[in-house]
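We have chain A; now place chain B onto it with these hints.
Chain by chain, the residues:
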Amino acid sequence: MQKQKILAATLLLTGLLGVAFAQRLRVPYSAFPFREDEDQPVPADAGDKTEFAFARLQYPAWRSNDRNWSMRGMWSIDYPKADRQFVQGVRRLTRLNISSVEQVVNLESDQIMNYPWAYVVEPGHWDLTDGQVKKLREYLLKGGFLMTDDFHGTMEWDIFMLSMQRVFPDRPVVDLPNTDPIFHVLYDLDDRFQIPGIVNYPFDQTYEYDGIDAKWRGIYDDRGRLMVAICHNMDIADAWEWADSPSYPEKYASLAYRIGINYIMYAMSH
Amino acid sequence: MFELFFRQPLSVFQKGTFVFQSGWPVWLLGALVLAGAGLLAWFVWQKTRAAGWSVLRSATLWVLQSTMVAVLLLMLWQPGISVATLKKQQNVVAVLLDDSKSMALADGGAVRRDEMVKTLDSGLLDELKKRFQVRFYKVSDHLERAENHKALNGEKTASRLADGLKQIAAETGSLPIGGVILMTDGADTSGGIDRETVNALKGRQLPVHTVGYGREQYDRDIALVDVQAPLRVLADSRLGVQVILRQRGYAGQRTKLTLKDGDKTLTSKEITFAADGAAQTENVLFNAGPAGIRTVQVQLQALANEENPGNNQMTRLVQVEDRKPRVLYIEGEPRWEFKFIRRALEEDKSVQLITILRTTQNKNYIQGNVQGDKDKKELEAGFPATPEEMFSYEGIFIGTVEASYFTPTQQTLLRAFVDRRGGGVLFLGGRASLADGGYGASELKDILPVIVGDRRTTFFRDKANVELTANGRDNLALRIEEDPARNAERWKKLPFLADFQSAGTVKPGAIVHVDAVTERGRAPLLITQNYGRGRTAVLATGGTWRWQMSQPLEDKSHEMFWQQLTRWLVAGTPGTVLASTTQTVFTDDPKIPLRAEVRGKTYELQPDGQVEARVSGPAGSAQTVILSPDPVHPGVYTGEYSAEQPGSYLVEMVASHNGERTGTDTIAFRREDGVAESFHTEQNRELLERLAAETGGKYWKPDNTNKLPEEIALSEAGISSREIRDLWHLPIIFLVLAALRAGEWLLRRRWGAV
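Note that the protein sequences, when read in sequence, are chains A and B. Under the working numbering, the first residue of the first sequence is numbered 93, with each subsequent residue one higher. Under the working numbering, the first residue of the second sequence is numbered 7, with each subsequent residue one higher.
Looking at chain A on its own, in the form it has when it is part of the complex (with noise of 0.2 Å):
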């Protein structure tokens, strides 16, 4: 109960945060308080402007009586590490100027709105409110682009598609043929596979939950351009951040960038 007044907590003050910068294209770059890794440096140029930010979309958590089950799932889960590990792959890989931070966006100010890209971790585990759903049907159809990540098995389907069918009611979610321009805009990702998290090591079995197969899914506009692309059954936020380590096992990290830029270049073009 105290974690959640914290969040809550939190979650007011960026709201405010939010409404104060809604007049400034980027806020300038300060750590979120509320960090898994609490040991990352800052890099020397995070105070840089840029075209590219990679935007952290923070939301309430789902409430329930099983605290551990509640605390496995936030919004904050692998961040910063994985923002930052990732970033550096897209600086080395593309010609995208991007920041070398992370930039924590929420759906209670319009300060989404100058993100047109947004990473949420574990919706699994979201809980948006009725301004939130709102705020963030416009910022879809508007142009932004959601990528969704770490979720696992059909409870946690389930909870994202409570929030997902409020946002867009009468939109379906689809699986991705191959053939969609998402996998090929850069890489060419036809064989692809699922990405297990960290917990999976030493990564005899690669799913979570009852989330055997990995899902590649998405929420389409009108004019056929993806708005929200939907990893399920995977943790492609843990590849980036363990891909440092030599008990990550390289082609999953590799295929996570991949999947990771293409997205990112899909949401640009498009």
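Source of the hints: derived by calculation from the structure; they are not laboratory data. Careful: at least some of the hints might be erroneous.
[Claimed, not checked] Covered stretches of chain A, going by a simulated chain B footprint (3 or more residues, C-beta under 8 Å):
1) 142 to 148
2) 178 to 188
3) 203 to 216
4) 234 to 243
5) 350 to 362
Just so it is clear, the structure is predicted and the values come from calculations on it, not from any experiment. The beta-carbon is built from N, C-alpha and C at its ideal position, and this holds for glycine as well.
Showing chain B alone in chain A's frame:
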């Protein structure tokens, strides 16, 4: 009054030459005048010195007496004026009677045509017949002989005065024409009296005397002066029509301005009239709709007691083109501007956008490149490097791409793309654009509308607001709101840009449409210029995408801006054949000049081809006209088509070279009869006065023509003789002599010398 003192009309003195009839030498006159003045000086000096007069008084007396002696001596030499006059009954006077419809108008109850007959019947015709043979002609849409001045019907709907006068000058070459009397309201429907006509009349030494009918100014009238509409637009474009009008008697009142295409109302607006007589301009915007010919009828609703409602409507033809210009957009790195420009133009069915995005150092992502043959994809080798490939586009956007990315050949081609092909190039701001991209040292600097420097720190990721300049406020491509004032305010309220760039120094001739207002000051943001046959623009930002993300979902300002800017960039880009004529609506004139500028595949002028114009007219009529190469302008072919029937015509010009078809272009025009006669129905006195003055005639009012026969007689145009008219007995001479003597007597009395 003049004739009271001089016994001759002023024109006699203007046209005649001064002579002495005594036969005595003129030098003797001068010598005697000098001798007389000398003698008088001696006598006056002797007499007045003795009387103690001042020098001034003596000199005054001497001047008066000397002048009188000089005038008397002058009269002894028998002065006269030699003037050429037409011989009686040996010359013809051509009387041209305006028989057009406008002469049936009534001004204050009197019909112009009746007034014309009345002028002739009230003595003028009799006086003319005493001196000359009189021939009557009726002039309207053509010239024809008339038996008398009463054989008028006024049914013709055109007045081609210039054609009539030219015909008179040509057909009467063997006749002793002493002069021409043109009786008209001056409402010429063919565009006025041209220089060629005036020269033809002057060449025959034919003075044209004009008699003007009709009111020179209405008290209550609303009139369309002109309607300016683009000749061609792309389908679904926002079309701007400029309506110029003038009114009298309705200042401050309101009426309705309506634009229709057949029965369909395109748009309408309420307007308030400006001051009486002032030209007033109204801009009207509407959607051009699908491809086809729009016959735009502009109508001003008539108001109560309007004296001439016939001039409240005009028609213009607008060709909504059935083509989809191709625009190539190369972007040097992934950025939001690219995505949102693509999305804005995806909603425009009239433009095809093909994009190259440099995702990595050596990989391009191509979009929109699938043509008819799906197996053959364009741009796989990257940015075009041949004229055939590059010139297949009508417009090119260059994003944040370093100048050095383009090879020297590509840079030369880009310049030719604008200059020769007539395409449009838009340079976007960015961290590798303009000065930061090294454009100042590249060949591309020539086509930029700005002079960029060498400084590499001109791009800023800071917020910038936007404001329209005076030019931008007039630019229809920048209209988000229809009303200009509301539009300017709307621009100020647009969300700030994500970034901006210092574009450089604006080149002479370039136009700044939008300014960026930043913390660093104000700087040009959107600059355009014409270059060769094409046009270029700089939009010194990559941050307009915020207009999409930071405004309500239903707001379309971002989409409208990009769609309209793109259409501006490519709408004027011609194909290999550029067909044209002089106007879209030909009034009362069946002669339609046709012109085609023909170029080859690489847009070099093609002077050795063949061009035929296939004309489709009203009621399914069709005819082919072969155009001839213009000897002066290589690649230009001209011809003329005679469109006798009123209605709309479509002309497809087909160019071929060595038997192979190289290109086509289509234009449309409309023929109207009888419409122009309702315009300019007030008497065009200025035209009539100018015509008379340039040909040696005079302008006459109908109730003051009694001196006209005598004026015509003073002419050398026909069979004439010279006569000398005495001047010694002019009343003015007697008055001068009397005044000199009386003046001397009065002065003497005043000085006490009498």
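So, going through the hints one by one against the coordinates:
Check result for the stretch 142 to 148 of chain A against chain B: holds, 3 residues qualifying (beta carbon to beta carbon below 8 Å, three or more required). Requiring three or more residues with a Cβ within less than 8 Å of a Cβ of chain B, the coverage given for the stretch 178 to 188 of chain A holds, as 4 such residues are present. Remark: the stretch 203 to 216 of chain A is confirmed as covered by chain B, as 3 of its residues place a Cβ nearer than 8 Å to a Cβ of that chain, reaching the required three. Check on the stretch 234 to 243 of chain A: 3 of its residues sit with their Cβ under 8 Å from a Cβ of chain B, so the three-residue criterion for coverage holds.
For the stretch 350 to 362 of chain A, the assignment as covered by chain B holds, since 6 residues bring a beta-carbon within under 8 Å of that chain's beta-carbons and 3 suffice.
Comparing the model with each numbered hint stated earlier shows that all of them hold.
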